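Each protein sequence line maps, in turn, to chains A and B.
In terms of our numbering, the first sequence has 25 at position 25, counting the first letter as 1, and numbering is strictly consecutive.
In terms of our numbering, the second sequence has 41 at position 41, counting the first letter as 1, and numbering is strictly consecutive.
Derived from the structure by calculation, the hints contain no laboratory data.
Keep in mind the model is a prediction, meaning the values are calculated, not measured.
C-beta: ideal position from N, C-alpha, C; glycine also.
Any given hint might turn out to be false.
[What the hints assert, rightly or not] Distance windows between CB atoms, simulated:
#: 1; chain 1: B; residue 1: Val14; chain 2: A; residue 2: Arg289; range: 33 to 39 Å
#: 2; chain 1: B; residue 1: Asp55; chain 2: A; residue 2: Ile3; range: 25 to 31 Å
#: 3; chain 1: B; residue 1: Ser149; chain 2: A; residue 2: Leu271; range: 55 to 61 Å
[What the hints assert, rightly or not] A few chain B positions that, by computed beta-carbon distances, are all more than 10 Å from chain A:
#: 4; residue: Ala30
#: 5; residue: His76
#: 6; residue: Arg90
#: 7; residue: Gly92
#: 8; residue: Ala94
#: 9; residue: Leu97
#: 10; residue: Leu118
#: 11; residue: Arg121
#: 12; residue: Ala131
#: 13; residue: Leu141
#: 14; residue: Pro180
#: 15; residue: Asp229
#: 16; residue: Asp242
[As the list claims (entries may be wrong)] Some chain B residues close to chain A (C-beta under 8 Å, calculated; not the full set):
#: 17; residue: Ala93
#: 18; residue: Ala104
#: 19; residue: Leu114
#: 20; residue: Arg195
#: 21; residue: Gly197
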Amino acid sequence: MSIVMAAVEQGLIYGLMALGVYISFRILSFPDLSVDGTFPLGAAVGATLIVAGWNPYAALGVAFAAGAVGGAFTGVLATKFRIQGLLAGVLTMIMLYSLNLRIMGRPNLPLLGRPSVFRLAAQWGGIPMAWANFAVAASLALGAILLLHLLFRTEIGLALRATGDNPGMVRAYGTSPEGMVILGLALANGLVALSGALAAQHGGFADVGLGVGTIVAGLASVIVGEILLRPRSILWALGAVLAGSCLYRGAILVALRYGSAVGFTASDLRLLTALVVLGALVAPAWRLRQEGAG
Amino acid sequence: MILKLAGVRKSYSVGAQLVSALAGVDFALAQGEFVTVIGSNGAGKTTLLNVIAGDTRPDRGKVYLLGRDVTGCPTHRRACWIGRVFQDPRQGAAPHLTVAENLALASRKGRRGLGFPLTRRRRAALREALAGLGMGLEERLSEQVACLSGGERQALAVLMATLARPRLLLLDEHTAALDPANAERVLAITEDLVRAGGLATLMVTHRMDQALVLGDRLVMLHQGRILLDLPSAEKRALAVEDLVRLFRQEGCAEDELLLSSADNAPPRAPLTPGAAAVPRSPKGP
Ligand SMILES: Nc1ncnc2c1ncn2[C@@H]1O[C@H](COP(=O)(O)OP(=O)(O)OP(=O)(O)O)[C@@H](O)[C@H]1O
Ligand SMILES: [Mg+2]
Chain A
1 MSIVMAAVEQ
11 GLIYGLMALG
21 VYISFRILSF
31 PDLSVDGTFP
41 LGAAVGATLI
51 VAGWNPYAAL
61 GVAFAAGAVG
71 GAFTGVLATK
81 FRIQGLLAGV
91 LTMIMLYSLN
101 LRIMGRPNLP
111 LLGRPSVFRL
121 AAQWGGIPMA
131 WANFAVAASL
141 ALGAILLLHL
151 LFRTEIGLAL
161 RATGDNPGMV
171 RAYGTSPEGM
181 VILGLALANG
191 LVALSGALAA
201 QHGGFADVGL
211 GVGTIVAGLA
221 SVIVGEILLR
231 PRSILWALGA
241 VLAGSCLYRG
251 AILVALRYGS
261 AVGFTASDLR
271 LLTALVVLGA
281 LVAPAWRLRQ
291 EGAG
Chain B
1 MILKLAGVRK
11 SYSVGAQLVS
21 ALAGVDFALA
31 QGEFVTVIGS
41 NGAGKTTLLN
51 VIAGDTRPDR
61 GKVYLLGRDV
71 TGCPTHRRAC
81 WIGRVFQDPR
91 QGAAPHLTVA
101 ENLALASRKG
111 RRGLGFPLTR
121 RRRAALREAL
131 AGLGMGLEER
141 LSEQVACLSG
151 GERQALAVLM
161 ATLARPRLLL
171 LDEHTAALDP
181 ANAERVLAIT
191 EDLVRAGGLA
201 TLMVTHRMDQ
211 ALVLGDRLVM
221 LHQGRILLDL
231 PSAEKRALAV
241 EDLVRLFRQE
251 GCAEDELLLS
261 SADNAPPRAP
271 LTPGAAAVPR
281 SPKGP
């Protein structure tokens, strides 16, 4: 399979997670670290249900719901108990690590030979697995941005967007910004868990360690998309997140395949990702300082 | 009665000291009354509005809106009765939402549903409302609010605050951050919208001349207390110098802000741009 195809496929699957990160970081301006816990939560819940004989689509649905509960929990910690956003997310993440082990009963749950949404699609359409993988990932990711695009134009959606922008104004116009933060984090982490469940079905296993660095990968996708496409509308911004995710996955695949020539190994991946995010975060401030000095 | 405050007190502990921001305020506002509120820096004007809106909970005393005790009711639950415009133009709207989206949020308060608020018919209505401001904003419905100037934002904020037909309008020096011409325009817009809606209004201002020309009742706050509460007839008979003299009698003559207004403002100055501008002393931290 070509590296481009693989990048797009993974980019779309992990793109659902990046969309969740976009919602918490960009729409709500909430630095939500619980995604490192809700991504493997989705994988754990989805995989456990499939092993128990559930339909893979239903397993995805339950995984979304589980992630939403996790996100709402972070939201409640941050708003009702006034715990700092970062800390609230870390607490949820740590709790989920233990919880995920409980759910799976062991650190790693293989799904080889089990039904998955990809296999169902291949059987149903009578198409090869490679096509089915792509078709399922694309329809879920595009469906998600279409639904989000519609959501962000509804009254609730406008209130969600305004919450990250000006919570005082949201409050003055009769909506509790705290409620909006909880709702937004539920939605964001639902997407992240959905992505985790999908990644487990795609990769053929669920693992408690799956979530480490999710937040940085998500941020990298969001930032890469923003820098390259400079989106002006919400729909474009959502599309840019998916594009950024595909590029990010592509970069990883390239680094893994050809990086060994320069001594690069898989274990360096997180360092590299974090450096990319760091660079993207620092560059605007640095440029500003240059302009200010000049 | 639209609004009633009974024995409202609020103190803040600043370091080891207890600062009394409101020291027992009793106040009532009738349907359609337009009250201007003046007072020196730190008199408690903003705290008063915060208590009414729900952002600040009083230590003691009660707040009634439309006869209901709302003392413990959070801001967003009483927002359906209240419209509010702040001093800082950035506070009134969400900058990354478009003008139309901000207006859509403002035009229906409370529970938010999954309906699409910006139908074509709704946009046409909003366009018409914006045209009423006379600032050309009706052509900029799809622009982000971040692109608007301070004056345009404040005009938009006044429209937003009155759009959902609140019963009470709270204005906290909402023209103070604008240049004289824009301040004048936003003030005229405010008066129009208040008159059109018959809104009970509480307007905090630092400008004596504004306080005298606008509204039909004048309240002076000092050190957390209402020092003066002049009904319409007495207010009309007053000139800026009289107001300053009253201030002196009450022992707050040291307020350089008020003294300077006596030198600058001609008595009974009409509200023309710049004519009666009172220099504002820099605010404390
Ligand atoms: N959050 C707070 N914490 C501590 N002290 C406060 C707080 N808010 C207000 N105060 C104090 O309460 C007093 C009244 O403040 P307030 O903001 O109501 O004055 P104001 O009349 O609006 O003044 P200005 O004309 O400067 O806006 C001041 O002494 C102020 O320092
Ligand atoms: Mg004030």
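For this session: List in ascending order the numbers of the hints, as given earlier, that are violated by the structure.
Result: 2, 3, 5, 6, 7, 8, 9, 10, 20 and 21
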